[in-house]
Amino acid sequence: DTAVSQTPKYLVTQMGNDKSIKCEQNLGHDTMYWYKQDSKKFLKIMFSYNNKELIINETVPNRFSPKSPDKAHLNLHINSLELGDSAVYFCASSQVLSSPLHFGNGTRLTVT
Amino acid sequence: GIQVEQSPPDLILQEGANSTLRCNFSDSVNNLQWFHQNPWGQLINLFYIPSGTKQNGRLSATTVATERYSLLYISSSQTTDSGVYFCAVLYSGAGSYQLTFGKGTKLSVIP
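First to last, the sequence lines map onto chains A and B.
Note that the working numbering has the first sequence beginning at 219, numbered continuously upward.
Note that the working numbering has the second sequence beginning at -18, numbered continuously upward.
Read the hints as simulated data drawn from the structure, not as lab findings.
Be a bit skeptical, because a hint or two may be false.
As the list claims (entries may be wrong) - Here are some chain B residues pointing at chain A (derived, C-beta under 8 Å): (1) 11; (2) 29; (3) 78; (4) 91.
What the hints assert, rightly or not - Here are the computed distance ranges between Cβ atoms for each label pair: (5) 29/B with 297/A: 31 to 37 Å; (6) 33/B with 302/A: 37 to 43 Å; (7) 301/A with 39/B: 39 to 45 Å; (8) 246/A with 8/B: 28 to 34 Å; (9) 330/A with 56/B: 41 to 47 Å; (10) 280/A with -3/B: 49 to 55 Å; (11) 277/A with 59/B: 35 to 41 Å; (12) 223/A with 59/B: 25 to 31 Å; (13) 238/A with 59/B: 44 to 50 Å; (14) 231/A with 39/B: 37 to 43 Å; (15) 269/A with 54/B: 36 to 42 Å; (16) 314/A with 33/B: 17 to 23 Å; (17) 280/A with 59/B: 42 to 48 Å.
All residues carry an ideal CB built from backbone N, CA and C; glycine is no exception.
Please put together the full structure from these sequences, using the hints given.
Listed below in structure tokens is the structure:
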């Protein structure tokens, strides 16, 4: 029983394409997140949703758009992919914003 | 925004040795968590510790919120402890929240 699952695990695509990463959690948590981990392993939050409402929106390009159809799902859409978007993207969830974080296994995005 | 600094950036240990990892933060925080990222990239939550001391097997953590630091202790290290250890803080200020990770301590345990 995977608590936070993301698909796909690997994503290789060309510059200019549009892609999506899906995330689902079965923990009954109210809050979900997207994080980006760069090649130096630095983890930076991109977005956070609480009960389908955006509560944290860091400075990321408009090409990145989160979508939360319900509180168990938070998908990440990326338009017009660029080389610099190559990274590992982690989805996470927590009961509320101040609660322990549970991470998915990550999606390694490679843009060629 | 809040600054989170971890030290040391890299650590090499002989199996069986003990170690202490440190996380300093620049302002009062709502919570602090420690994570282990294993060599396969999985991020595991080790401790949720806004203050006080907690222990889990060979690992323990202490946060002194008033002095703005937290320590992660690893005793009798094993090769499976290798990976990167991150601390992360939740900071609220000026009507917004920041969830910030430190840059991590890369631990290598050699047999």
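We went through each hint and held it up to the structure:
no. : hint                        : verdict
1   : 11                          : holds (5 Å)
2   : 29                          : holds (4 Å)
3   : 78                          : holds (6 Å)
4   : 91                          : violated (20 Å)
5   : 29/B with 297/A: 31 to 37 Å : holds (36 Å)
6   : 33/B with 302/A: 37 to 43 Å : holds (41 Å)
7   : 301/A with 39/B: 39 to 45 Å : holds (42 Å)
8   : 246/A with 8/B: 28 to 34 Å  : holds (32 Å)
9   : 330/A with 56/B: 41 to 47 Å : holds (45 Å)
10  : 280/A with -3/B: 49 to 55 Å : holds (51 Å)
11  : 277/A with 59/B: 35 to 41 Å : holds (40 Å)
12  : 223/A with 59/B: 25 to 31 Å : holds (28 Å)
13  : 238/A with 59/B: 44 to 50 Å : violated (39 Å)
14  : 231/A with 39/B: 37 to 43 Å : holds (42 Å)
15  : 269/A with 54/B: 36 to 42 Å : holds (37 Å)
16  : 314/A with 33/B: 17 to 23 Å : holds (20 Å)
17  : 280/A with 59/B: 42 to 48 Å : holds (46 Å)
The structure shown violates the earlier hints numbered 4, 13.
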